[in-house]
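J.: Spelled out from the first residue to the last, the chains are:
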Amino acid sequence: MIWEVFRQEEQGEYHTHCGNVHAPDREMAKQFAAIQHGRRKPTNNLWVVPKTEIGELDGDEYAFGGATDKSYRWATGYDVTADDASEVVESSGEQEDAKERRNEVV
Amino acid sequence: MHIETVKDRAGPREFSPTDDLPEKYREAATRMIEFHANSEIMGAYLERPFIRQAPSIDRKLAFSAKVQDEIGHGQLLYRAAESLGVKTRKEMLDDLANGDGKFLNCFHYPMEGWPETAMIAFFVDGAAMRRQATLRRTSWEPYAHAMDKVCFEEGFHVKHGEDILATLMSGSRKEQQKTQEAFETWWPRIIQFFGPTDDQSKHHDFAADVGLKQKSNDELRTAFLNQYIPKAQQYGLEIPDEPRIRKNDEGDYEVVEDDLDWAEFFTIAKNEYEPGVGQIEGRNAAQEAVEWVRETIDGTDVPSGGQTPQAAD
Numbered sequence: 001m002i003w004e005v006f007r008q009e010e011q012g013e014y015h016t017h018c019g020n021v022h023a024p025d026r027e028m029a030k031q032f033a034a035i036q037h038g039r040r041k042p043t044n045n046l047w048v049v050p051k052t053e054i055g056e057l058d059g060d061e062y063a064f065g066g067a068t069d070k071s072y073r074w075a076t077g078y079d080v081t082a083d084d085a086s087e088v089v090e091s092s093g094e095q096e097d098a099k100e101r102r103n104e105v106v
Numbered sequence: 001m002h003i004e005t006v007k008d009r010a011g012p013r014e015f016s017p018t019d020d021l022p023e024k025y026r027e028a029a030t031r032m033i034e035f036h037a038n039s040e041i042m043g044a045y046l047e048r049p050f051i052r053q054a055p056s057i058d059r060k061l062a063f064s065a066k067v068q069d070e071i072g073h074g075q076l077l078y079r080a081a082e083s084l085g086v087k088t089r090k091e092m093l094d095d096l097a098n099g100d101g102k103f104l105n106c107f108h109y110p111m112e113g114w115p116e117t118a119m120i121a122f123f124v125d126g127a128a129m130r131r132q133a134t135l136r137r138t139s140w141e142p143y144a145h146a147m148d149k150v151c152f153e154e155g156f157h158v159k160h161g162e163d164i165l166a167t168l169m170s171g172s173r174k175e176q177q178k179t180q181e182a183f184e185t186w187w188p189r190i191i192q193f194f195g196p197t198d199d200q201s202k203h204h205d206f207a208a209d210v211g212l213k214q215k216s217n218d219e220l221r222t223a224f225l226n227q228y229i230p231k232a233q234q235y236g237l238e239i240p241d242e243p244r245i246r247k248n249d250e251g252d253y254e255v256v257e258d259d260l261d262w263a264e265f266f267t268i269a270k271n272e273y274e275p276g277v278g279q280i281e282g283r284n285a286a287q288e289a290v291e292w293v294r295e296t297i298d299g300t301d302v303p304s305g306g307q308t309p310q311a312a313d
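Protein chains in written order, with full-length UniProt numbering: chain A, 1 to 106; chain B, 1 to 313.
Excised from the complex, chain A in its bound form (with noise of 0.2 Å):
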């Protein structure tokens, strides 16, 4: 049976998917995942999942973000705001660097 492992290398930040393991139960993956996946580089936790139990969606199937033009939902389609409110400035700033990724997959 495949287990995924997702691992987390601090406390508080996210847990990423950093390979799979073969297993014959949960106990077992958990051993081989912390032995694989946690030995070397630094972790905090580690989760394990059958693969069985994920479900799969991909870009050639199905449009992620939509097929038409949404230009409206996003921050940098608006012409307002200088400087002055950081955390607006810092949103916007995350969007437009989403937005750029985006369109280099695309």
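Derived from the structure by calculation, the hints contain no laboratory data.
Do not take every clue at face value.
Computed cross-link-like contacts, PhoX-like style, restricted to lysine-lysine with a CA-CA straight-line distance of at most 20 Å [what the hints assert, rightly or not]:
{"hint": "1", "chain 1": "A", "residue 1": "Lys70", "chain 2": "B", "residue 2": "Lys149"}
{"hint": "2", "chain 1": "B", "residue 1": "Lys149", "chain 2": "A", "residue 2": "Lys99"}
{"hint": "3", "chain 1": "B", "residue 1": "Lys102", "chain 2": "B", "residue 2": "Lys90"}
Okay, the calculated bits of chain B under chain A, using three or more residues with CB under 8 Å as the criterion [what the hints assert, rightly or not]:
{"hint": "4", "region": "4-14"}
{"hint": "5", "region": "137-146"}
{"hint": "6", "region": "159-171"}
{"hint": "7", "region": "253-266"}
Far from chain B by the CB rule (all over 12 Å, computed), these chain A residues [to be verified]:
{"hint": "8", "residue": "His17"}
{"hint": "9", "residue": "Asn20"}
{"hint": "10", "residue": "Pro24"}
{"hint": "11", "residue": "Glu27"}
{"hint": "12", "residue": "Ile35"}
{"hint": "13", "residue": "Gln36"}
{"hint": "14", "residue": "Glu61"}
{"hint": "15", "residue": "Ala67"}
{"hint": "16", "residue": "Arg73"}
{"hint": "17", "residue": "Tyr78"}
{"hint": "18", "residue": "Ala85"}
{"hint": "19", "residue": "Glu100"}
Predicted model only: the values in this text are computed from it and were never measured.
Ideal Cβ placement from N, Cα and C applies to all residues, glycine included.
Assemble chain B onto chain A, guided by the hints.
T.: Chain B in isolation, oriented as in the chain A frame:
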């Protein structure tokens, strides 16, 4: 974990569901996140009619996207609250429907016309974002993670709100007048968004000691006023004479608290303010009207191969 250990360790994103946390921490965090989640939902219901009343197709699209976002934020936050193990998502939603769930003061007031959308979408969302940005460093990890996504999306809401304000304030004289009137109605409520001053705040000390709350009411209110008073003036809004706002020795804006209607604020906090009761009942009625949709979904067989979803999902 002992409460003193929690206080010692308290820091950004310090505690997660794997930690054995004392009841007092769990309850305080639940109260705070549930309030936040409820506010997202009630805010969405308040703005929903303006999808229909939007003056252009662009505004209509933006408002429907925004309302959708806010409901999504509510869902994220109920998950973060539920992970504390004090209340289930269903209990929180039921409490909101039956009038026991608490939410933001501003969302107890009905909205009458389009110029008021700028008050919610720019000033209230701006205030909310100021607060939410600090909560990315809260000690409950699932809450901080929810805030990452909320803050990412919220930038669009505030800028859209500012865009509405900019349009209204460069429109006809009547539009400008209506917007000024809306501003005068909403301004004191918006200042009260941050709650009573620190010395009057009931829950602050503990929430701050365990790292749930990162900034005090006073710090947030001051930061908001410093940013948004110049903004309002830049668009030609006149700041009302009351509540009196003065600059202190450090150059920060300060409100004369006695000029605000705290009796109304605390009536609202108890969910006893008449128009607010209407908002709660309105949402409850909308919920009941679409009960058949939930029933249809619940009645659908779960496809084989998947786990049976948790009752709360």
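J.: Go through the numbered hints given earlier and state which of them the structure violates, listing their numbers in rising order.
T.: 7, 16, 17, 18
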